[in-house]
Every structure is written in structure tokens, then in C-alpha cells.
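The listed protein sequences derive, respectively, from chains A and B.
Mapping to the working numbering: the first sequence position 241 is 241, numbers consecutive.
Mapping to the working numbering: the second sequence position 149 is 1149, numbers consecutive.
No lab work stands behind these hints, which were simulated from the structure alone.
Quantities reported herein were computed from a predicted structural model and do not represent experimental measurements.
The reader is advised that the hints may include incorrect statements.
Label pairs and their computed distance ranges (CB to CB) [said to hold, decoys possible]:
| no. | chain 1 | residue 1 | chain 2 | residue 2 | range |
| --- | --- | --- | --- | --- | --- |
| 1 | A | N114 | B | A1116 | 16 to 22 Å |
| 2 | A | N170 | B | H1072 | 42 to 48 Å |
| 3 | A | I173 | B | G1076 | 50 to 56 Å |
| 4 | A | Q150 | B | H1072 | 46 to 52 Å |
Which stretches of chain B does chain A cover? Using the computed rule of at least three CB atoms under 8 Å from a CB of chain A, they are [said to hold, decoys possible]:
| no. | region |
| --- | --- |
| 5 | 1035-1043 |
| 6 | 1047-1056 |
| 7 | 1063-1077 |
| 8 | 1081-1092 |
| 9 | 1142-1148 |
Even for Gly, the Cβ is constructed at its ideal location relative to N, Cα and C.
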Amino acid sequence: MNTRFNRRGALARLGGILAGVLALPIARTARAAVQRVFVSSGAARGYDPSKHKWLMCIDVNKCIGCGLCVEACKKENGVPEGPYFRTWIERYIIPKPKPGSGQTRGETLVDCPNGGMHGFPEPPLPRDQIEHSFFVPKLCNLCEHSPCVQVCPVGATFDAPDGAVLIDPNYCIGCGFCIQACPYGCRFLSPVTKTAEKCTLCYHRITRGLKPACAEICPTQARIFGDLLNPVPDDPIQKFYEQNRVQVLKPHLGTAPRVLYAGLDKEVR
Amino acid sequence: MRRFQMPPQILRLVLLTLAIVGSYMVARAFLTPATFGQYGWYRGAALEELAARTPVYAGKKACDECHSDILHKLAGDAHKTLSCEACHGVSRTHAENPDVLPVKLTGSHCIRCHEANPSRPAWFKQIVVKDHYSGKCTECHIPHQPTQSP
Chain A
1 MNTRFNRRGA LARLGGILAG VLALPIARTA RAAVQRVFVS SGAARGYDPS KHKWLMCIDV
61 NKCIGCGLCV EACKKENGVP EGPYFRTWIE RYIIPKPKPG SGQTRGETLV DCPNGGMHGF
121 PEPPLPRDQI EHSFFVPKLC NLCEHSPCVQ VCPVGATFDA PDGAVLIDPN YCIGCGFCIQ
181 ACPYGCRFLS PVTKTAEKCT LCYHRITRGL KPACAEICPT QARIFGDLLN PVPDDPIQKF
241 YEQNRVQVLK PHLGTAPRVL YAGLDKEVR
Chain B
1001 MRRFQMPPQI LRLVLLTLAI VGSYMVARAF LTPATFGQYG WYRGAALEEL AARTPVYAGK
1061 KACDECHSDI LHKLAGDAHK TLSCEACHGV SRTHAENPDV LPVKLTGSHC IRCHEANPSR
1121 PAWFKQIVVK DHYSGKCTEC HIPHQPTQSP
């Protein structure tokens, strides 16, 4: 038997190894393709993320600052106790200008005691010194170009095809980059799971045809939730567009949020 | 003329490179979750895992199954925009088993929204509680039909 190491034999062995290595990803791709068929047909729950585009409209003129949405969000999503919020309410107080100051308005005060969950106390100013005061509910702005997604080093946070910006809790390493990247402060590091958490638009509710908890519970319908791809008869989203001129938060950042506000003030960031 | 011969150090480098790339591809094939890349650069199964949570709030539709009479009354008056669970609290257990009653309501539920606060919009009905009345809200107002008196 010729056991000498020759070029032909070496090349053949090398070719064998290469073919084996290449076969693995091919097998995997085939497996994924099979799974994809299963997933799309296995959508027995009837939810296909590519057939929806969710958005939230918020009418600041309707928010009464009761904090029911914040409480509902905490209960629905098991948000940890303490200063951790997936949605919260800010109170803006714009005082009258000091006489002779030459300004149109005084310096804006913003407060948010416990996320507004238990309502708001009397403002720190006497009523006659307040020019404007209003509540602004905040949540994930559902950016089209999400800064938080761009910075995630492990692909744990992503823009779902239906417009929700979600976090894969099994993949998140808790590095906190996304928390710094979010210009709206909508993320926090959970002290329980040690991973980043944020508003999921109540993904477990919207995939079952329910409204997110905050929109469900809001007593004045200051929050309107809807689907751009599946307009319903007498669509509240359409009505919102017709009745209001809308605005987004921090438009100069180019994040293209899909949370639209009506009745904002320039002081709101 | 001399025949070209692959210098042995180059051959070793090529083999080493192939070994590194090959082991990377094998490791990648085994370590990447199956649904990674299904919709984009993330694990597609995460969507279903997030959707798998059980909702806590039952929703107005669930209330409508048994209490459509009350919902009808509600829809005809000023509290029409209210969700049942906004006042009655999380009622999923009640929706599944009607014997478990939702939380008992008190006047603090009314005050939570209707206590006067200058930050509240002017169109919204507000009262200064201590100047308004010291008794129970329900003595004069029907919660489901707030513009009517009992």
C-alpha cells in the first residue's frame, strides 16, 4: 500500500473537508427554510407581523394626568417597582414671564413624581403665575430609524416588521448601549432580569387583537392605538389625523417616530 | 526550466487559514439559533416568545360578553370613553370565573381623575373636593351615567 503523502491525496482530503464545512450552512439554510414554512403556516394564532404597522397617537389636550396608564403598564408587563417605567407622564408648567423681563414666558418646570403613577400634587407655583400647564404621556416612540437598534452589539433589539421595537430577553447582555442611545429615555436596565427593557406596545396583547394596556385603560382616550395597514371602519386614527395637526418628538434627530402627538408645546422634548 | 513548487510555508498558511475559517463556519452553524435572520438581524422566535405572555387586563370586549346592558348605559353618557377596568381594576380572573368579584370601588376612584388641578385641561370636569361635598360621590352621581342622579 502506498502511504506516501502526495499532492493528489492531500488535495482530495482538503476538498473533502471543505465540502463538509460548506455542507453545514447549506443544511442549516435548508432547515431554516423548512422552519419558515412551518412558522408561516403555523401562524394558527393568525398573527403575521408583516401584515401590520402599528402606531400610537397621543392627544395632549385630552390627558388628565390620572396615571392610570402608568399603573396599567406596570401591572400588565410586570415592570419592577421603583423608578422603572415603560410609559410615564410628564407635567409641564410654563410660568408667566416676570414683568419687565422682555421674555414671552418664564422658565419651564417639568416634573414626573413616580412616573405620574399616583397622579400629580398641586403645582409648586400659585395658579395665577402659571401661563400653561399640561401633561405629556411618554412611551417608546416606535422610531422608523431607531438609534437603539443601531447600537445593539448582539442583535438583541430590533425593529419588528410590524413597527414595534422589541428586545429579545434571551439575547440581551445588559450592556446598556441602547439605554444611552435612546433619545427619548424610553429604556431602562431591569434590576430583576439585568437586561434592557422597554415598551413592547404590549406585544402579547396586540398580537391577540387587544389594545395595549395604556390605550385600553386611558379614561379620556388621549392615547389612540391603530394599525396603518388595516384601517377599521370609522378609524380613530384617521379621525385623529383629520381633527389634529400632528407632531413628533425631536424631529431634528431623523428618527421618524410613529408616536404622533397633537397639542404639543415647543418646550416638550 | 524549473518546475513551480508551492513553497511549504505558503501551503501551511493556506491550510491554517482554511482551518480557522472552517472552524468559524462550523461554530457559527451550530451556535446561531435557527430563526436568526428570519425577519432581520435578530432571532425571529423572539417575536413569538414576547407574544406568548398572558394578557393581564381582560379588555372591554370581555366585559361586553355578560355586561352589555351596563356598557350600553355607559356608552350613552359622559363616561363613554372609560374602559371598565379603568375603575374596576384588573378583572381577568373575574372574566374567567364570574364568582371572583372585581375590587370594591370607593370615592378615591372618582377623585383620581376629577380632583381639580391646574394642569388638567379646562374642558375636563373638575371639583375641589373639600369645597364640593363631604359625603359619598354616589349619593348624587351614578358612576355609569354620571350626568344623572340616583
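Checklist entry - Which of the stated hints cannot be reconciled with the structure, identified by number in ascending sequence? => result The structure conflicts with hints 7 and 9, although it agrees with all the remaining ones.
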